[in-house]
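Just so you know, the sequences run in chain order A and G.
Residue numbers for the first sequence, in our numbering: 1 to 315.
Residue numbers for the second sequence, in our numbering: 1 to 513.
If you are wondering where the hints come from, they were derived from the structure by calculation, not from laboratory data.
Keep in mind it's a predicted model, so treat the numbers as computed, not measured.
Coverage of chain G stretches by chain A, computed from C-beta distances (three or more under 8 Å per stretch; other residues unrestricted):
1. 31-45
2. 246-260
3. 286-299
4. 302-312
5. 315-324
6. 420-434
Ideal placement from N, C-alpha and C gives every residue a C-beta, glycine not left out.
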Amino acid sequence: MCVALLALALAGAALAGNGGFAPVQPASPNASGIRSIYWVIVGFTGAIFLIVEIALVVFIVRYRSQGRSREVEGPQVIGHTNLEVAWTVAPVVILAVIAGVVFWKASGIRNASATVGPQTIRIEAHQYYWNFTYPNGAISVNTLRLPENRKAELVITSADVAHSWWVPALGGKMDAIPGRVNLESWKPTKLGTFRGQCAEFCGLQHAVMIAYVKVLPATEYDAWVQRRVHSLSEVGRETFQGVCATCHGLSGQGDIGPPIPTSPLLADRGAMTLLLRNGRNRMPAVGKTWTDAQLSATLDYLQERFHAGGGSSGG
Amino acid sequence: MYIATSLAFFVVGGILALLMRAQLATPNEHFIRRGSYNELFTIHGTTMVFLVVVPILAGFGNYLVPLMIGARDVAFPRLNALSYWLFLLGGIVLYSSWFATGGAAKTGWTIYAPLSEDAFTPGHGVDLLILALHVLTLASLAGAINFLVTIHRMRTPGMTWMRLPLFVWAIETYSVLLIAVLPALSAGLTMLLLDRQAGTHFFKPDEGGSALLWQHVFWFFGHPEVYIMILPAMGIISEVIPVFARKPIFGYKAVALSTIGIAFISMLVWAHHMFAVGYSDSLQSFFMITSMLVAVPTGIKIFNWLATTWRGNIHFDTAMLFALGFIAIFTIGGLSGIFVAAYPFDWQVTDTYYIVAHLHYVLFGGSIFGIFAGLYYWWPKMFGRLLDERLGKINFWLMFVGMNLTFFPMHLLGLLGMPRRVYTYYEGGLWEWYNLVSTIGSGIMALGIAVFFVNVVKTSRSGVRAGNDPWLGNTLEWYTSSPPPPHNFDRVPYVTSPRPVRDLRRRISENRA
Numbered sequence: 001m002c003v004a005l006l007a008l009a010l011a012g013a014a015l016a017g018n019g020g021f022a023p024v025q026p027a028s029p030n031a032s033g034i035r036s037i038y039w040v041i042v043g044f045t046g047a048i049f050l051i052v053e054i055a056l057v058v059f060i061v062r063y064r065s066q067g068r069s070r071e072v073e074g075p076q077v078i079g080h081t082n083l084e085v086a087w088t089v090a091p092v093v094i095l096a097v098i099a100g101v102v103f104w105k106a107s108g109i110r111n112a113s114a115t116v117g118p119q120t121i122r123i124e125a126h127q128y129y130w131n132f133t134y135p136n137g138a139i140s141v142n143t144l145r146l147p148e149n150r151k152a153e154l155v156i157t158s159a160d161v162a163h164s165w166w167v168p169a170l171g172g173k174m175d176a177i178p179g180r181v182n183l184e185s186w187k188p189t190k191l192g193t194f195r196g197q198c199a200e201f202c203g204l205q206h207a208v209m210i211a212y213v214k215v216l217p218a219t220e221y222d223a224w225v226q227r228r229v230h231s232l233s234e235v236g237r238e239t240f241q242g243v244c245a246t247c248h249g250l251s252g253q254g255d256i257g258p259p260i261p262t263s264p265l266l267a268d269r270g271a272m273t274l275l276l277r278n279g280r281n282r283m284p285a286v287g288k289t290w291t292d293a294q295l296s297a298t299l300d301y302l303q304e305r306f307h308a309g310g311g312s313s314g315g
Numbered sequence: 001m002y003i004a005t006s007l008a009f010f011v012v013g014g015i016l017a018l019l020m021r022a023q024l025a026t027p028n029e030h031f032i033r034r035g036s037y038n039e040l041f042t043i044h045g046t047t048m049v050f051l052v053v054v055p056i057l058a059g060f061g062n063y064l065v066p067l068m069i070g071a072r073d074v075a076f077p078r079l080n081a082l083s084y085w086l087f088l089l090g091g092i093v094l095y096s097s098w099f100a101t102g103g104a105a106k107t108g109w110t111i112y113a114p115l116s117e118d119a120f121t122p123g124h125g126v127d128l129l130i131l132a133l134h135v136l137t138l139a140s141l142a143g144a145i146n147f148l149v150t151i152h153r154m155r156t157p158g159m160t161w162m163r164l165p166l167f168v169w170a171i172e173t174y175s176v177l178l179i180a181v182l183p184a185l186s187a188g189l190t191m192l193l194l195d196r197q198a199g200t201h202f203f204k205p206d207e208g209g210s211a212l213l214w215q216h217v218f219w220f221f222g223h224p225e226v227y228i229m230i231l232p233a234m235g236i237i238s239e240v241i242p243v244f245a246r247k248p249i250f251g252y253k254a255v256a257l258s259t260i261g262i263a264f265i266s267m268l269v270w271a272h273h274m275f276a277v278g279y280s281d282s283l284q285s286f287f288m289i290t291s292m293l294v295a296v297p298t299g300i301k302i303f304n305w306l307a308t309t310w311r312g313n314i315h316f317d318t319a320m321l322f323a324l325g326f327i328a329i330f331t332i333g334g335l336s337g338i339f340v341a342a343y344p345f346d347w348q349v350t351d352t353y354y355i356v357a358h359l360h361y362v363l364f365g366g367s368i369f370g371i372f373a374g375l376y377y378w379w380p381k382m383f384g385r386l387l388d389e390r391l392g393k394i395n396f397w398l399m400f401v402g403m404n405l406t407f408f409p410m411h412l413l414g415l416l417g418m419p420r421r422v423y424t425y426y427e428g429g430l431w432e433w434y435n436l437v438s439t440i441g442s443g444i445m446a447l448g449i450a451v452f453f454v455n456v457v458k459t460s461r462s463g464v465r466a467g468n469d470p471w472l473g474n475t476l477e478w479y480t481s482s483p484p485p486p487h488n489f490d491r492v493p494y495v496t497s498p499r500p501v502r503d504l505r506r507r508i509s510e511n512r513a
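With the hints as constraints, model all of the structure from the sequences given.
Dropping the structure here:
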């Protein structure tokens with residue numbers, strides 16, 4: 001049965017590229033380090049798996065009772081010291097080798113080495129979105145831009161409960177824990193958009209706390225960061241889509257939270273500021289740590305979209 | 001009573017799991033509301049750990065330890081009754097939390113702070129969960145003390161430590177572990193309750209507390225808890241395999257010592273649940289090495305069981321099928337444990353479906369298969385009638401196939417990037433396929449478990465009478481009648497080896513000859 005499953009699994013792997021039989025295709029030295037550790041362990045544990053399961057099947061078939069009565073006993077072997085020492089020592093040796101490989105690879109996995117100076121990016125996790133702050137103060141929500149082939153130093157923390165920052169193609173998890181600051185550095189080596197998701201259960205909308213990382217050519221990245229720092233309207237729109245829409249719907253129509261366009265608070269910037277900064281009832285304090293710029297960009301966006309037109313539904 | 005109550009909770013916990021699988025069968029499904037889904041996995045986990053596996057093993061221990069060591073009863077029968085009623089009360093408190101304001105707890109069975117604090121999870125679900133766990137902790141502690149006193153003080157003449165049945169060794173170790181780690185859980189729960197109700201801030205970072213402290217306290221208890229759930233199941237396997245292979249256990253001393261070894265190491269590995277929290281490399285290395293070390297005594301057990309079947313006269317009664325299934329499946333769970341001990345790889349898979357797969361290979365393929373082996377093996381002793389073998393085999397194969405179909409694809413989902421504890425997902429393709437296979441598997445498994453209950457009902461009236469010793473067993477419980485009288489034994493033979501009943505059978509046949 002298990003062998004059949006394994007065969008099925010391997011056939012599936014062959015069909016589907018990796019199909020979940022190995023960590024996703026890496027796009028950074030961080031992730032490929034993890035993948036190489038994976039294959040080393042697969043080698044050793046695969047061998048042990050085969051030894052155990054084959055021995056089990058062979059013994060079951062070979063020593064089945066075949067109508068012998070229960071009275072018939074097998075040889076009364078109560079142990080074999082050398083054999084037992086062997087299957088104690090052999091695993092120790094195998095584990096030592098695996099641990100050795102891990103030590104050898106580990107440092108390059110958490111922190112990629114790169115000659116080009118690091119970009120320090122602050123990642124702040126919230127219920128239920130990611131806020132990214134770039135070195136020049138530019139802000140983005142849920143979609144992080146990173147330059148290709150440059151080291152990016154990630155400063156990871158949380159504004160409320162524990163979350164976990166995870167983009168499988170670029171690296172392993174680093175928890176975002178309130179009251180702690182965690183550091184790691186990545187060096188993306190492939191262009192493209194990579195999917196990530198919060199990996200520490202963080203409440204009602206944990207399942208939709210998804211992040212994307214866009215790896216851009218370095219020059220394009222520089223240009224983007226320069227542009228973003230001046231375009232607050234984009235920050236406002238992204239904040240609405242990434243923060244508010246999760247519970248109030250993409251057109252503010254209401255879902256877990258009430259509809260936005262009909263809210264009596266909408267016209268009152270003071271009340272809205274209080275609401276976003278402190279939360280109320282089931283609404284988390286989503287804007288607790290926003291800069292004034294992000295807060296006013298968001299309020300501008302909300303008013304422009306839902307209020308200026310006399311409560312139009314927007315598009 | 002323990003066993004019956006635990007089986008009832010097993011059915012309830014299983015239904016919660018089936019509801020979750022139904023929700024995840026297809027992407028973006030709306031079968032269950034998101035808040036309810038979060039309640040489901042919280043209560044499913046809590047139920048299976050605290051209301052099913054731990055108490056059912058206590059039930060086996062309660063019934064079997066006195067019989068196996070030739071005693072009349074446990075040392076403190078009244079304390080034993082108290083444990084049972086506290087256990088039932090704890091279960092009722094937990095299930096009453098569905099009706100609390102704000103519904104049942106939605107924090108996962110790990111109750112991570114600060115999510116579980118009043119600011120983020122108002123309502124009384126978490127408070128009731130804490131209360132239930134406090135009550136259950138008391139029940140387990142009283143039970144553990146009872147087992148230890150019984151095993152230490154009430155062994156029949158001749159039963160030295162090296163003649164103790166391996167299941168009793170497992171219960172001894174289980175009890176020591178419970179006493180060692182449950183107080184940590186109680187302390188943590190009390191701190192959390194004070195945070196929620198009395199305005200303290202042990203786990204509130206905004207007010208100078210530490211969110212990580214909860215994780216340390218919880219896993220200091222939580223990891224040994226895994227071994228609390230698996231060691232007695234291994235004890236059952238160590239009893240069943242020799243009897244049905246018609247051979248003595250291979251390496252009795254090694255198997256007994258490896259039980260103690262696993263328990264000892266299990267108290268030094270807790271932070272491997274926290275590799276992603278960002279603590280220092282040297283600590284991660286320490287916890288990697290200790291976690292990998294658990295594999296050594298575990299491997300010893302697996303190899304010794306295999307060697308026990310070597311050149312045996314193997315009878316495939318259902319109990320033996322479950323025991324052999326245990327070896328086949330638990331090996332996978334043990335080996336995936338080596339993957340997650342390697343901390344950089346763990347950064348990739350922790351808190352994903354890979355972990356869900358790993359823990360179910362250990363706790364379902366391990367503990368639950370061990371428990372079913374025990375049920376089929378000792379059922380005739382408890383009730384005097386054998387369970388039906390044909391239904392038993394159907395039960396086994398449905399559970400074996402269903403178990404692998406349900407949990408194997410979860411490894412792959414985890415590697416593809418699916419986190420655990422998500423009420424839905426949006427990806428099609430492989431995500432959808434693997435989830436669908438898993439849901440189908442869970443249905444097959446449920447069917448297998450249903451067959452077990454059919455078997456119980458069917459044989460309760462018409463089952464074949466077992467006699468004292470239907471399997472030609474080794475240990476003292478097979479010496480007395482089935483079911484045993486209230487005082488267990490009229491007289492107990494002097495014990496001269498780990499297999500007193502076999503010794504007796506041989507003496508009788510020699511006298512005859």
